[in-house]
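Protein chains in written order, with UniProt numbering: chain C, 1 to 344; chain Z, 1 to 344; chain S, 1 to 344; chain V, 1 to 344.
None of these hints come from the bench; they were simulated from the model.
Don't take each hint at face value.
Since the list can't tell identical chains apart, any single copy or any two copies may satisfy a pair.
Said to hold, decoys possible - Once the Cα atoms are required to be at most 16 Å apart in a straight line, the calculated EDC-like pairs of lysine to aspartate or glutamate come out as: (1) LYS49 - GLU286; (2) LYS169 - ASP76; (3) LYS49 - ASP62; (4) LYS169 - GLU249; (5) LYS49 - ASP284; (6) LYS49 - GLU283; (7) LYS169 - ASP226; (8) LYS205 - ASP27; (9) LYS261 - GLU286; (10) LYS261 - GLU216; (11) LYS42 - GLU164; (12) LYS261 - ASP29.
None of these values were measured; they are calculated from a predicted model.
There are 4 protein chains.
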Amino acid sequence: MAVRVGILGATGAVGQRLIQLLEPHPDFDIAALTASESSAGKSYREAAKWRADSPIPANVADITVGPTEPDAVPSDVDLLFSSLPSSVGAAVEPDFCEAGYVVSSNSSNARMAEDVPLVIPEVNADHIDLLEVQRDDRGWDGALVKNPNCSTITFVPTLAALAEFGLEKVHVATLQAVSGAGYDGVTSMEIIDNAIPHIGSEEEKLETESKKLLGEFDGASLQQNDVAVAASCNRIPTIDGHLENVWLEAADELTPEDAAKALEAYPSVDLPSSPDPLIHVFEDLERPQPRLDRNLGGGMAVSVGGIRESTFGLQYNCLAHNTIRGAAGASVLNGELLLENGYL
Amino acid sequence: MAVRVGILGATGAVGQRLIQLLEPHPDFDIAALTASESSAGKSYREAAKWRADSPIPANVADITVGPTEPDAVPSDVDLLFSSLPSSVGAAVEPDFCEAGYVVSSNSSNARMAEDVPLVIPEVNADHIDLLEVQRDDRGWDGALVKNPNCSTITFVPTLAALAEFGLEKVHVATLQAVSGAGYDGVTSMEIIDNAIPHIGSEEEKLETESKKLLGEFDGASLQQNDVAVAASCNRIPTIDGHLENVWLEAADELTPEDAAKALEAYPSVDLPSSPDPLIHVFEDLERPQPRLDRNLGGGMAVSVGGIRESTFGLQYNCLAHNTIRGAAGASVLNGELLLENGYL
Amino acid sequence: MAVRVGILGATGAVGQRLIQLLEPHPDFDIAALTASESSAGKSYREAAKWRADSPIPANVADITVGPTEPDAVPSDVDLLFSSLPSSVGAAVEPDFCEAGYVVSSNSSNARMAEDVPLVIPEVNADHIDLLEVQRDDRGWDGALVKNPNCSTITFVPTLAALAEFGLEKVHVATLQAVSGAGYDGVTSMEIIDNAIPHIGSEEEKLETESKKLLGEFDGASLQQNDVAVAASCNRIPTIDGHLENVWLEAADELTPEDAAKALEAYPSVDLPSSPDPLIHVFEDLERPQPRLDRNLGGGMAVSVGGIRESTFGLQYNCLAHNTIRGAAGASVLNGELLLENGYL
Amino acid sequence: MAVRVGILGATGAVGQRLIQLLEPHPDFDIAALTASESSAGKSYREAAKWRADSPIPANVADITVGPTEPDAVPSDVDLLFSSLPSSVGAAVEPDFCEAGYVVSSNSSNARMAEDVPLVIPEVNADHIDLLEVQRDDRGWDGALVKNPNCSTITFVPTLAALAEFGLEKVHVATLQAVSGAGYDGVTSMEIIDNAIPHIGSEEEKLETESKKLLGEFDGASLQQNDVAVAASCNRIPTIDGHLENVWLEAADELTPEDAAKALEAYPSVDLPSSPDPLIHVFEDLERPQPRLDRNLGGGMAVSVGGIRESTFGLQYNCLAHNTIRGAAGASVLNGELLLENGYL
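One chain only, chain C, in its complex shape (with noise of 0.2 Å):
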């Protein structure tokens, strides 16, 4: 029987995106979407500018809209995904998993929190289990989950599959598709025959959620991984697709062919959205490319390529599509997770 499931922020572009992706899931089913006030008490149809490229689903399209507060979602739902900013996601997600749900989260809010588990499932699964951490701190019925920004989820994956050899220092350089800011989030003024380097609070968030995301969990509480990582995050003309460079020293020898073994090798999970193989890895050097290869494994997939010798260790390239693998279908995995855990 399908587990009845929430959006909390359901009309931005990352809720519409959950709403593609949960409408044909074997066990989720929509029931409640919750907006800002303005859009309350609308259909879905009236309440959102629906700009996807497939359209909106019917039985979607004819829910009324609720404000986004716990009394306004049906008790029988178990799951809420939220994709709301992350100043509102800060104010009101604790107040819905104090009232008993439990929410996997794309927003950026609470991320590096001690007792808030940070999930990519194939890479630290096991973190899930912080949340017995957090129901004991904080005494909620609820728990809240996060999935990590768009751009970390791109290269962490590959980061897992490499770690046996010892990861110390890591660059990364990424161009990321201005589907990452949201729909209004850049301007095209801005960004035709241009690009934009520095987004703004991007790169301290790759330096330090892949921290997290490899650190060991030990059942009580999660020491951070101490590789060191620096990034540059760079804002260029493609829809969705996050392309990032990336140069990695291990503390043991590491030849693109052992690294190219070990990509390929990385498992995915036993979870309706994972991706078999999680990594695709190209021997042609001018892969992946984000229009060519963003929609691999369902937009699920990480891919690699460019794997070469570096000046300095190692050295390649790999892309995700950010708005599923890193935001609409990491949450939905983290859901996955959750149900298969028992934490709903």
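Using the hints provided, position chains Z, S and V relative to the given structure of chain C.
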């Protein structure tokens, strides 16, 4: 009295930029244009598919294009600018030098040859006197000077400005404009809503040319700089202007404030095409941007922004116009240096 | 039992789309691939520079590409899809037909020949029987059927749906995607931050092919429709999807409401690739848009919006996917019609 | 002696263009800048997010921005350029005129008012004397003159040049740059790899403003031209430059050769911002193109190409820079006309 100059490979993208820059030049008069066999004998108007964003200069349009052979260039032409494909450049540039012509070349062949000066006048003007070694070695009346690759030119002036702090390790990721590949180099199907990692052979150029440019010339031989550079080069959908992310680990302490001061203080040279200031430093972290900043200093300036502490050393972004400062303008500036130093 | 089919010109952009559409097709099995001399003898994987946004199908990758000659195609192949350059098509398609092959061709040659059916099955399926005249005329065992140009296919179904009101004058301006020019047809330097008016020979195709498609076939000869069309064709920086502005002056009164009803009611045909509905009508005046709507009906639908009164008659916008509905899918659909009508 | 001028709405995209054009202007000195309440009291440097592709002029950067009220503008300012949002313009422009200021406005409000001259100096400079009627009617010491919409300005000069042949029916399809919608008007998610048909209210402007511009003023009242125009307006991914496809049915015979001659012969006017020639005629059928031709005549020229016989009458394409000739430059040129005609 103006020097009579010619352009080898005048119909290509860099050739057209050379015409735009040379036509109003105070010291140079365009007196000869060469191209491939199929164009020889035609007027430049007929031979070139002129695609610049200003009309073709009237006096240039009527020049008859000659074949790219020393005999076809009038002997009262003193200086040749070469924007030949590198395989053609390798084959014919020595013939022109042997025939007594001084060649300022943008072609990538022979840049790393021991007796060929590779010059950015603001960085290593003194290397020009390697031409005396060259003439001795080769018995030429003419001479061959090279400017570096467009992506090298963008970041090397910033390294030169910071060299006093002791350059040790440099990581550089480039976001390069399509014009860098020539007019037909990148198809629209390849690059719209896309990015292409790992531009073939470009990374090696940044890694090797930078060592030569920053090297010491003692009047007899050139000692390369031992800075270690690791590059990752990407093509993005911009027309002109290469943006680069740089991480620098220096021997001495190097704060962002010290770096900004050194960059702003770095001098231009007293030649017509050298802009003053050479380096524009932006406080705005989101600058420089290709479309907004590529035309600073008439396209001959380098701009720098986002100077900040990094996980490892210092981090900043830099930008230059790839077909002006990075190609045609670089060759013209070297021509001016040749004139100033008595090589014409 | 599936029909064995081949593709003439299998390595180009339309050839690759044909493979994407034919590989999962219920009635057709890919059994032969041809290309130019330089590719013959190679596996398809080696011969094609595969650039589609899904991986090359495994069973197709290993097929050995043959030369584009009748002798090189196995005789048990019944149907050939041709995406040859028009000059090549003009030279070799008749040879294949004479050798007994039925050819469904996207090439522009011979489209206006009197005994060659030019067919969009939802518009003029009955024209297919012009093949009997063709076989009588030419003594062929095979047959040659053509689909129209991609920009013609976009607007002719809308005219067919409104034909009952009496078509008199049509003005059409097109905004065409770069894929319509083939993979290398438009360079990035030509089209980024730009648009190109007057696509060579495209305007004439819209003006003439539409008359033939909307003509009457009485079983013996084809009487062209006398609608007068004036076209203006532009290339813009989109990957796929041709958008067209249409003004229609009809003989009878034609309100926007009547037009919308007639367009929505216009039927698809009972063939696997014909979508239902064929025509999507948007109330939103700002639709259809290439990126959002090109994939409706698996890329085989036509969409219409902005239906409104004009200073002269009626005005609306329409859109179709140019390499699916407008090229590869059009040929596949004609192949289905040939099968249905007993020509295989 | 230079006239002291002010800019109403100085921080927006057109306001920034006005500063670029006015700063080096021979007859005008920038003496006052206004913006919305939130900017008032700040220096222009602080108030404006300067995004032009040349640095902010130093003397302008330090001007204190005032509120958009007559009392806040020094009384020795004689001429105001207005680039206010139309709703704001409608509310406050009359107050400035009543207070004695002469206003040259780009805002769309009041363009069609009977006693407001709508002027392109090269087309209908004599309409400026409608200001006498205006002053009589309204009892103003000041005056209000308007320039038309950017898409109107692009094609009306071509119609004026051909008016001697008897203008009857015009169809025009526009391909408009994103800057026409203001800096934040079109998001990148809306337009990359896309096009948007039917720009709201734009079509009506082309259809109505053209009649007024081409009308006859007898010193007392304005008789509109009875040319019938049907417009279809599209937004495409270009930064600057509107390209338009025009079909013209004239009363008299009009060959492409006659049209080319009339267009080339059409005169500019003797004002500093009017370029000579006004209209550039290309023989190349694929010109004009936005990126290549928008800067002709300093962005103040109109270019025309692809002049050819059409199924109905004549057909051609035209282009102008939408934020220079189509907005800021148009207002400046009207300011010059006001000065020349003694209205300051």
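Hints breached by this structure: Hint check: 2, 8, 9, 10, 11 and 12 fail, others pass.
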